[in-house]
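From just these sequences and the hints, can you work out the full model?
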Amino acid sequence: MAIALFIISCDVPVEFDGQRLDRALVGLGLNPPEETEAWERFSGLSRARLQKLIDRGEVQVAGASRARSFKVLAGQPIVITLPEPAPVELVPEPMDLVVLYEDSDLIVVDKPAGLVVHPGAGHFSGTLVHGLLAHCQDLSGIGGEVRPGIVHRLDRDTSGCIVVAKNDKAHEGIATQFAERRVHKHYEAFVIGEPNPARGVIDTMFGRHATDRKRFSSKVKHGKRALTSYAVVKSGGGLARVVIELGTGRTHQIRVHLADRGYPVVGDVMYGGQRWGSIRDKQLRELAKGLKRHALHAARLEFAHPVTGAPLQLESPLPPELSALAQVLDDLSGE
1 MAIALFIISC DVPVEFDGQR LDRALVGLGL NPPEETEAWE RFSGLSRARL QKLIDRGEVQ
61 VAGASRARSF KVLAGQPIVI TLPEPAPVEL VPEPMDLVVL YEDSDLIVVD KPAGLVVHPG
121 AGHFSGTLVH GLLAHCQDLS GIGGEVRPGI VHRLDRDTSG CIVVAKNDKA HEGIATQFAE
181 RRVHKHYEAF VIGEPNPARG VIDTMFGRHA TDRKRFSSKV KHGKRALTSY AVVKSGGGLA
241 RVVIELGTGR THQIRVHLAD RGYPVVGDVM YGGQRWGSIR DKQLRELAKG LKRHALHAAR
301 LEFAHPVTGA PLQLESPLPP ELSALAQVLD DLSGE
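One point on numbering: in my numbering, the residue at position 125 of the sequence shown is 125, and numbering is uninterrupted.
Calculated directly from the structure, the hints in this document are not laboratory data. In this text, all values refer to a predicted model and were calculated from it rather than measured experimentally. Incorrect hints may appear among the rest.
Derived DSSO-like pairs: lysine-lysine, alpha-carbon spacing no greater than 27 Å straight-line [said to hold, decoys possible]: (1) K52 / K214; (2) K214 / K292; (3) K214 / K224; (4) K169 / K234; (5) K71 / K224; (6) K71 / K221; (7) K169 / K214; (8) K292 / K282; (9) K292 / K234; (10) K234 / K221; (11) K214 / K289.
Below you can see the structure in the form of structure tokens.
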């Protein structure tokens, strides 16, 4: 058996009673029972990869390795061993980072769109982590960790505020605030369509898409609760500028919630944000088509300093390509 990076376990949920083991694992991947890094890794595995885990004896049901076709029963314990991934060598890489705040405990960076946060498949260099290693020498978890100091994430094409811990005490403190939802995360997005009502709360179940494991959905029978508050700032010409506050922090949450309501984030290839014909204003349409990213921006973070307790509010202005959309919307409304 491979050296374990994670060993995860749960009891067979009642909805999988009598199913084949491989199908039950697929179901667990679509709706993992916990939101931990281990379950996040597991939920990203393909069905073929899950079957290989079973074949290698890395999945045990009721204390024993089983075949793919084994019929699981509700309540039986499943223990899954995830093998060690290929090691990632972290080499500092100098970058022009825009630092919004920095002290001996924290650094808050204004991440540009297109920059991957931490190393992973297909991204073994050029990430924010590599740049941070060159910028500061005291990030927590630096000894072999693939994401030292990183306590939350932004998608590759989402710009804006991201906070990183420099030591273990700060890391634990800020991670606790995120877990207890005491960090206020404010976003801005430009969406296709003009949301009606102009202000609201989207409160749904949330989980992996039923047929596409790379996508998520708010139209699931089983999953975790997801809460998004939004308000339209300006709208016109078939496009709207929206401010958003997150009540929960699910993967792709804003993009999915807005798309499932019929207002996908402009430029979001995965969730339908390239319906250019729906943008009536020609200038807005051309600006939207010219984006090399989706139009989502982490505009503000509010939290207590994890060591001193002092309140912190960090803000990132809209990048130029999004400011251009905002300006045209202002012009359409006569401001």
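*State the violated hints by number, sorted upward, taking the hints as numbered earlier in the document.*
Checked against the structure, the hints that fail are numbers 4, 7 and 10, while the rest are satisfied.
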